[in-house]
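Model the placement of chain C on the given structure of chain Z, informed by the hints.
2 protein chains.
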Amino acid sequence: MALEIERKFLVDDGWSPPPDVEPEPLRQGYLTEADAEGTEVRLRVAGDRELMTVKRRRAATGAAVRDEIEFPLPDGVFEQLWPLTGDQWLTKLRYDVPIGDLMASVDVYTGRHEGLRVVEVEFDSEPAAAEFTPPAWFGPEITGDSRYSNRVLALT
Amino acid sequence: MALEIERKFLVDDGWSPPPDVEPEPLRQGYLTEADAEGTEVRLRVAGDRELMTVKRRRAATGAAVRDEIEFPLPDGVFEQLWPLTGDQWLTKLRYDVPIGDLMASVDVYTGRHEGLRVVEVEFDSEPAAAEFTPPAWFGPEITGDSRYSNRVLALT
Numbered sequence: 027m028a029l030e031i032e033r034k035f036l037v038d039d040g041w042s043p044p045p046d047v048e049p050e051p052l053r054q055g056y057l058t059e060a061d062a063e064g065t066e067v068r069l070r071v072a073g074d075r076e077l078m079t080v081k082r083r084r085a086a087t088g089a090a091v092r093d094e095i096e097f098p099l100p101d102g103v104f105e106q107l108w109p110l111t112g113d114q115w116l117t118k119l120r121y122d123v124p125i126g127d128l129m130a131s132v133d134v135y136t137g138r139h140e141g142l143r144v145v146e147v148e149f150d151s152e153p154a155a156a157e158f159t160p161p162a163w164f165g166p167e168i169t170g171d172s173r174y175s176n177r178v179l180a181l182t
Numbered sequence: 027m028a029l030e031i032e033r034k035f036l037v038d039d040g041w042s043p044p045p046d047v048e049p050e051p052l053r054q055g056y057l058t059e060a061d062a063e064g065t066e067v068r069l070r071v072a073g074d075r076e077l078m079t080v081k082r083r084r085a086a087t088g089a090a091v092r093d094e095i096e097f098p099l100p101d102g103v104f105e106q107l108w109p110l111t112g113d114q115w116l117t118k119l120r121y122d123v124p125i126g127d128l129m130a131s132v133d134v135y136t137g138r139h140e141g142l143r144v145v146e147v148e149f150d151s152e153p154a155a156a157e158f159t160p161p162a163w164f165g166p167e168i169t170g171d172s173r174y175s176n177r178v179l180a181l182t
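Protein sequences appear in the order of chains Z and C.
Be aware that the first sequence starts at 27, since it is given in my numbering, and climbs by one per residue.
Be aware that the second sequence starts at 27, since it is given in my numbering, and climbs by one per residue.
Isolated chain Z (complex conformation):
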């Protein structure tokens, strides 16, 4: 089981995607209710991959730390599961932008959250997360702010 250790920020208004970075369109929906404490079961289409991701929050720290398991769904299963997300879904474009040895994942929301831009950085350890100095194009930190959780955004 992988451990997801991440920090999350808004993106400065002045930022625009690097011209050499091709965004990946993501569509994701949730099978479970928006209960911040519980287990999250997510469906995601990323390019031509159909994935399920199960996440569960660990004890709260400065970074968001979650157990995360992601796996490809067998052929034909995604189409059956997707209707169960109801209207709990969202779409965005993801730009993977390197920052030194780290990768910033910039999510530019489309659809009803158009205009929202969020950047996430994943770390190998909590100390590495704590030591991270955001570059100038990062806006205010929103790690752990449930208003910006994708599960909540999918509902609102």
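Heads up, a few of these hints could be off.
No copy is singled out in the list; a pair is fine if it fits within one copy or between any two copies.
[To be verified] Restricting the straight-line Cα-Cα distance to at most 20 Å, the calculated cross-link-like pairs of lysine to any residue (SDA-like) are: (1) K81 with W108; (2) K81 with T111; (3) K81 with D101; (4) K81 with G102; (5) K81 with E48; (6) K81 with D46; (7) K81 with G64; (8) K34 with T79.
These are calculated hints, taken from the structure and not from any lab test.
Just so we're clear, the structure is a prediction, and the values are computed from it rather than from any experiment.
For chain C alone, kept in the frame of chain Z given last:
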């Protein structure tokens, strides 16, 4: 997406498994909380098959009617997901016993629910479910009685 239409009964004390029916050992756990209204995400080991089942209740009727999607997990995924069930799991032996054209699935619980025996019958339609006459070895009906839902039993 399959529709699961079923009725559920306790099993009469006098019943014993037919000698020619080999039981299948089942171990199942839940990724989601025991919220009777929500979506249920279940992991099950049946023999050597590792399965995920997603169920969502439909409008209440005489029978329990749920959308149900079941699929095999890719190799190695079950072992990663199972720890997320915590202690929300149970074990039982399932006996498939034909009743005319129908199949009765008798669950003989093992572990901490030892002694509990429940029989479920699935139907093609709600009228077929309504017309069903239980044989003499069926005990009181417990369709929709949340005390006997596997998700609740897994918790208690």
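Hints breached by this structure: 5 and 6
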